[in-house]
Amino acid sequence: MDTKATFDREAFEKSAAELTGYKPEFILSQRAGDDYEFGSGLNAYWHFWKESRAAIEIEFPEEKPYKHNSYPEARAQDDGFNDALSECSAIITSHGIIIKGKTE
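Just so you know, my numbering puts 477 at position 89 of the sequence shown, and the rest follows in order with no gaps.
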């Protein structure tokens with residue numbers, strides 16, 4: 389399972405256990421491929437969970453443009469800022485969250 393799918397499943401199963409009062413082992417035992425056993429009632433909750441994750445969209449600041457006559461220190465700060473934005477963006481999108489105005 390990839391990072392996003394693992395994150396979704398683990399977060400969902402923890403939430404489902406808290407919401408339903410079932411033990412986490414029971415929730416885990418109800419897995420059936422990408423769904424849950426029909427009689428458990430978890431299937432609808434699982435699909436709503438996935439849809440709610442897909443509906444999240446955040447806005448990120450723009451990367452700082454490079455100025456040709458910047459001092460080396462200023463350019464290093466811009467590089468650090470832009471690198472941090474890029475790393476944060478990658479982590480956030482790996483969990484299925486959309487960054488407004490950005491395509492994969």
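I should point out that these hints are in silico values taken from the structure, not numbers from a laboratory. Heads up, some of the hints might be wrong.
Pairs of lysine-lysine, DSSO-like flavour, derived with a Cα cap of 30 Å [what the hints assert, rightly or not]:
{"#": "1", "residue 1": "K402", "residue 2": "K488"}
{"#": "2", "residue 1": "K452", "residue 2": "K490"}
{"#": "3", "residue 1": "K411", "residue 2": "K438"}
{"#": "4", "residue 1": "K488", "residue 2": "K411"}
{"#": "5", "residue 1": "K402", "residue 2": "K452"}
{"#": "6", "residue 1": "K488", "residue 2": "K452"}
{"#": "7", "residue 1": "K411", "residue 2": "K490"}
For each label pair, taking beta carbons as the anchor points, the in silico distance ranges come out as [stated by the list, open to error]:
{"#": "8", "residue 1": "G421", "residue 2": "A472", "range": "34 to 42 Å"}
{"#": "9", "residue 1": "L416", "residue 2": "N470", "range": "39 to 47 Å"}
{"#": "10", "residue 1": "C476", "residue 2": "S403", "range": "21 to 29 Å"}
Heads up, the beta-carbon is just placed ideally off N, CA and C, and yes, glycines get one too.
Quick rundown of the hints versus the structure:
Restraint check for K402 and K488: satisfied, since their Cα atoms lie roughly 28 Å apart, inside the 30 Å limit. As the CA atoms of K452 and K490 are separated by approximately 16 Å, the hinted pair is consistent with the 30 Å bound. Restraint check: the Cα-Cα separation between K411 and K438 comes to about 21 Å, which is no more than 30 Å; the hinted pair holds. Taking the CA atoms of K488 and K411, the gap is about 37 Å. The hint is violated against a cut of 30 Å.
The suggested pairing of K402 with K452 is violated, with an alpha-carbon distance near 39 Å, which exceeds 30 Å. Distance hint between K488 and K452 is fulfilled; the C-alpha atoms sit about 17 Å from each other, no more than 30 Å. Between K411 and K490 the CA atoms are separated by roughly 39 Å; this puts the pair beyond 30 Å, and the hint is violated. A hinted range of 34 to 42 Å for the beta carbons of G421 and A472 is consistent with their spacing of about 38 Å.
In this structure, L416 and N470 meet the distance hint of 39 to 47 Å, their C-beta atoms being roughly 41 Å apart. One distance hint, 21 to 29 Å for the beta-carbon pair C476 and S403, holds here, with the actual separation near 24 Å.
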